[in-house]
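*Asks:* Could you put the whole structure together from the sequences, leaning on the hints where they help?
As you go down the protein sequences, you meet chains A and V in turn.
Count along the first sequence starting at 1, add 63, and that's the number in our numbering.
Count along the second sequence starting at 1, add 21, and that's the number in our numbering.
Everything labelled a hint here was simulated from the structure, so no lab data went into it.
Ideal Cβ placement from N, Cα and C applies to all residues, glycine included.
To be clear about the criterion: a stretch of chain A counts as covered by chain V if any three or more of its residues have a C-beta under 8 Å from a C-beta of chain V, and this derived list gives those stretches:
1. 277-287
2. 294-302
3. 451-457
Beta-carbon label-pair distances, calculated as ranges:
4. A:Phe383 x V:Pro296: 22 to 28 Å
5. V:Gly220 x A:Ala111: 31 to 37 Å
6. V:Asn307 x A:Leu90: 55 to 61 Å
7. A:Arg322 x V:Gly276: 47 to 53 Å
8. A:Ala111 x V:Glu249: 26 to 32 Å
9. A:Ile539 x V:Ala253: 41 to 47 Å
10. V:Pro296 x A:Ala370: 18 to 24 Å
11. V:Gln245 x A:Gly202: 29 to 35 Å
12. V:Pro366 x A:Gly349: 54 to 60 Å
13. A:Ala382 x V:Gly276: 29 to 35 Å
14. A:Thr350 x V:Arg386: 51 to 57 Å
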Amino acid sequence: MFDQQLTRERGSSMAFGLPAVSVAIALLVVSPLFWIVLRASQVDPVRALSLVASAQTATILGNSVALMALVTVFSVVIGVPMAVLTTRTDLPYRRFWTVAGSLPLVVPSYIGAFAFVAAFGRHGEFGRLFGIPLPQIDGFSGAVLIITLYTYPYVFLSARAALLSMDASLISAARTLNRTPLQAFREVTVPQITPAVGAGALLVALYAISDFGTPAFMGVEVFTSAIYWEYGAFNVEYAALLSLQLLAVTAVVLLIEARIGQDDGGPGGSGGETIRLGRWRWPAAGTMALVAVVTLLVPVVIFARWALRGAGTEMPSLAFDLEYAVNSVYLSALAALVAAGFALPVGYLSARSDGVVGRLAERATYVGFAVPGIVIGLALVFLGSQYVPWIYRTVPLLVFAYVVRFLPQVVGSTRSAVLQVDDRLLEAARTLDEDSMGAFRRVTLPLIAPGVVAGTMLVFLTSMKELPATLMLQPIGMETLATIIWSAHSTLYYRYAALPALILVVVSGLSMLIVLTQEDTYDS
Amino acid sequence: MPSHSPDDRPGSTTRRNLLAAGAGLAITGLAGCLGDSGASDTDDSGEPWGDALESSAVSWDDLGDLEGDLTVYSGRKRSQIDPLFQQLEEAYPDLTINRDYDDNARQLNKLREEGDASPADVFYTQSSGALANLKQDDLLRDLPADIVEAVPADKSDPDGTWTGASGRVRAVQFNTETFEAVDLPTDIFEYAEDERFQGIISTRPNSGTFQSFIVAMLELEGEQATREWVRAMVDDQDATLYSSGSAQAEAIEAGENQVGLGNQYYAARILNNDPEANLGVTFTENDPGTLFNVSGVGIPESTGKFGLAAEFTRHVLAAEGQEFFVDVNGEYPVVEGVEYVGAMPPLSDLETPDFDLNALADVERAVDLLREEGMTV
Numbered sequence: 064m065f066d067q068q069l070t071r072e073r074g075s076s077m078a079f080g081l082p083a084v085s086v087a088i089a090l091l092v093v094s095p096l097f098w099i100v101l102r103a104s105q106v107d108p109v110r111a112l113s114l115v116a117s118a119q120t121a122t123i124l125g126n127s128v129a130l131m132a133l134v135t136v137f138s139v140v141i142g143v144p145m146a147v148l149t150t151r152t153d154l155p156y157r158r159f160w161t162v163a164g165s166l167p168l169v170v171p172s173y174i175g176a177f178a179f180v181a182a183f184g185r186h187g188e189f190g191r192l193f194g195i196p197l198p199q200i201d202g203f204s205g206a207v208l209i210i211t212l213y214t215y216p217y218v219f220l221s222a223r224a225a226l227l228s229m230d231a232s233l234i235s236a237a238r239t240l241n242r243t244p245l246q247a248f249r250e251v252t253v254p255q256i257t258p259a260v261g262a263g264a265l266l267v268a269l270y271a272i273s274d275f276g277t278p279a280f281m282g283v284e285v286f287t288s289a290i291y292w293e294y295g296a297f298n299v300e301y302a303a304l305l306s307l308q309l310l311a312v313t314a315v316v317l318l319i320e321a322r323i324g325q326d327d328g329g330p331g332g333s334g335g336e337t338i339r340l341g342r343w344r345w346p347a348a349g350t351m352a353l354v355a356v357v358t359l360l361v362p363v364v365i366f367a368r369w370a371l372r373g374a375g376t377e378m379p380s381l382a383f384d385l386e387y388a389v390n391s392v393y394l395s396a397l398a399a400l401v402a403a404g405f406a407l408p409v410g411y412l413s414a415r416s417d418g419v420v421g422r423l424a425e426r427a428t429y430v431g432f433a434v435p436g437i438v439i440g441l442a443l444v445f446l447g448s449q450y451v452p453w454i455y456r457t458v459p460l461l462v463f464a465y466v467v468r469f470l471p472q473v474v475g476s477t478r479s480a481v482l483q484v485d486d487r488l489l490e491a492a493r494t495l496d497e498d499s500m501g502a503f504r505r506v507t508l509p510l511i512a513p514g515v516v517a518g519t520m521l522v523f524l525t526s527m528k529e530l531p532a533t534l535m536l537q538p539i540g541m542e543t544l545a546t547i548i549w550s551a552h553s554t555l556y557y558r559y560a561a562l563p564a565l566i567l568v569v570v571s572g573l574s575m576l577i578v579l580t581q582e583d584t585y586d587s
Numbered sequence: 022m023p024s025h026s027p028d029d030r031p032g033s034t035t036r037r038n039l040l041a042a043g044a045g046l047a048i049t050g051l052a053g054c055l056g057d058s059g060a061s062d063t064d065d066s067g068e069p070w071g072d073a074l075e076s077s078a079v080s081w082d083d084l085g086d087l088e089g090d091l092t093v094y095s096g097r098k099r100s101q102i103d104p105l106f107q108q109l110e111e112a113y114p115d116l117t118i119n120r121d122y123d124d125n126a127r128q129l130n131k132l133r134e135e136g137d138a139s140p141a142d143v144f145y146t147q148s149s150g151a152l153a154n155l156k157q158d159d160l161l162r163d164l165p166a167d168i169v170e171a172v173p174a175d176k177s178d179p180d181g182t183w184t185g186a187s188g189r190v191r192a193v194q195f196n197t198e199t200f201e202a203v204d205l206p207t208d209i210f211e212y213a214e215d216e217r218f219q220g221i222i223s224t225r226p227n228s229g230t231f232q233s234f235i236v237a238m239l240e241l242e243g244e245q246a247t248r249e250w251v252r253a254m255v256d257d258q259d260a261t262l263y264s265s266g267s268a269q270a271e272a273i274e275a276g277e278n279q280v281g282l283g284n285q286y287y288a289a290r291i292l293n294n295d296p297e298a299n300l301g302v303t304f305t306e307n308d309p310g311t312l313f314n315v316s317g318v319g320i321p322e323s324t325g326k327f328g329l330a331a332e333f334t335r336h337v338l339a340a341e342g343q344e345f346f347v348d349v350n351g352e353y354p355v356v357e358g359v360e361y362v363g364a365m366p367p368l369s370d371l372e373t374p375d376f377d378l379n380a381l382a383d384v385e386r387a388v389d390l391l392r393e394e395g396m397t398v
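*Replies:* What follows is the structure in structure tokens.
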């Protein structure tokens, strides 16, 4: 009888409104696809065929998939142990390591890549500073290293969230059955956290395939390189065709992750024994320190170097204006709020419903994350100027671009949070005569708030560092930190890039701290 | 007071002339009531608001006063052009220039996607290939006659749909600790053949001006020679391929490479930051390696402010505008009467090839060739 009531409750919350809203949102954020298909259909078939069938395309496909796969694997290899170390062990200064381990996400990839090469190249700063020749960081391995280091926090954070919220009494149960800690980990913990790790790894994979800055800097030819190349030759149609190829790969990745993501979630848990590290403490701390130093200190040192590179001409046009920071924060905050609003129905539906609609709508939100910003930008230039010209090159359209790009970060965390909510709590709410909207507001919402807020902050900090779509859609004259850094950096006026870069990283860092405070509410 | 008599535009009908005359008289009358600043920014005739341009540079004092809102899509970087905009806004308090800065190719693609809905009044490009591309599809308005005549045909479009504003020459950058200028060949083909340059040479294939250089080579030397040059650079010389001009120049200065084919701009920036830097610049002679290219101005069909855009263009081509390019950017002027004074040799000393810049519109051929021979990033 209890089950029947649950099914009924589920049925009524699946009122027509929720799927319709989710579908509408999904269609809205997938709209750039319409432009991509339109342009791709305008290619000259002969040239298109020679392009698709060329050896270069095979190379690009191979590089992109390999880059994506390796970055994902290494992110898991780094992120999961770090998550275990900071949640389940007696590692000293756990809070500090948690913060340090999450912060690499705030650094834009083009700055990360540049900083590494500037620091570690044969003629890099660190080489000059310490007088020893350091290994060159470039090429495919360099790209894998850098993208991994600046995206593993996605896995780190999602694994942490899963570890903090899983029922650790299951582990104690396994231990009583004479399992060693390692066996308990493998047999109990891993299945519990796999869906969350999969969600984090999905973000890593799609980030890797949509990134332009790092592969370009490292000289690795991937899809984004080819897309930019075609844009540079004014061949928008061929760039669109390449985008479709990239989306085909993305679809495969989304399918794979959907399999891994099959989970029932579980009621929130607590406790569980702490693993004592003993003499492994200091090597563990040392490794964390190495990763943190390398990913965070290197860019900061390079910023300092930029600031100190005095001399040269004054360029008042590049002088810092507080307005740039205000614009960045304003746009990113709006994007975060709108994304949260979109994510609630989509994430909720996909978690509570077994239907195709819910799942499809959730998957659709990942399309924008996999497509390079330059493609989304140009798509919205077309759609905006032709169909909604009154908001073309205004704040709403730019905010929408950010939402299209970064929505899955908050959809994923919303979905995970909803899965954690105990059905029995909702049932209890119903017996108090709440309708489903009321039950949602008074029971579900407070419970999922931490997860939603965490995802929202991720949208905020990724919007802060966005560049290509911003350059195309920004209200004319409205500069952001990212666009000013680009203007200064690309014309070798480095000292004008230092302050905006530092502010960008600090403000985004603060938003990351908010993400981390949300985790506290899991332990209850 | 500027006159608005019907001009002799090709294809204009008597009816249009009459309407223009009527409008012109009305505007003239209104202007007479408002003061002596001349036409409003919605003037569509393109007639000079002050003096017309001449073959020798005029001064801003002789030109009309700029007023109103002008939206400029710039493929040039902020540091390269914004000071000129600021100078104009200071000279004309009633003028507001709305600047949009983006990469040159992205600006062009954006303009095309916007079509008639584009807010751009002026398209200021980094190099002429983009303008030639727009001209091909009739997306630019014909410039007024005095502007077309003021700039020589090899620095602008002879048909008058766009004009150069300042010029640069493709250069060979080198590390001064390894080479001296006299050591280096003056024939671009030698760079692909001489063993000295194996493993120490670099290019930047995604650069618009590099691709223009390949187009020029195709036009001037033919496909076979061009293909062989590219192949040799990739296979025999093992050239390092950069996607960033600043990275390429810095690598040469640091000694990672010793020679690079690129823009004089980044070398000049590095030397400006550090006069002791190990960077030098030299030129080939009479071949595509020393191609003269311009950054220039076109007025999109979609603009509603043709008159203001045209007068703005006159200011760019006047003495103060041209001097800005020489002094601040180290670029060559395109109008007579302004002298180049700077670290680079005067243009008359360089042997740049004869080349119609409009041919640069056909960049697809060059890009495909680069891709087929493996010179991509």
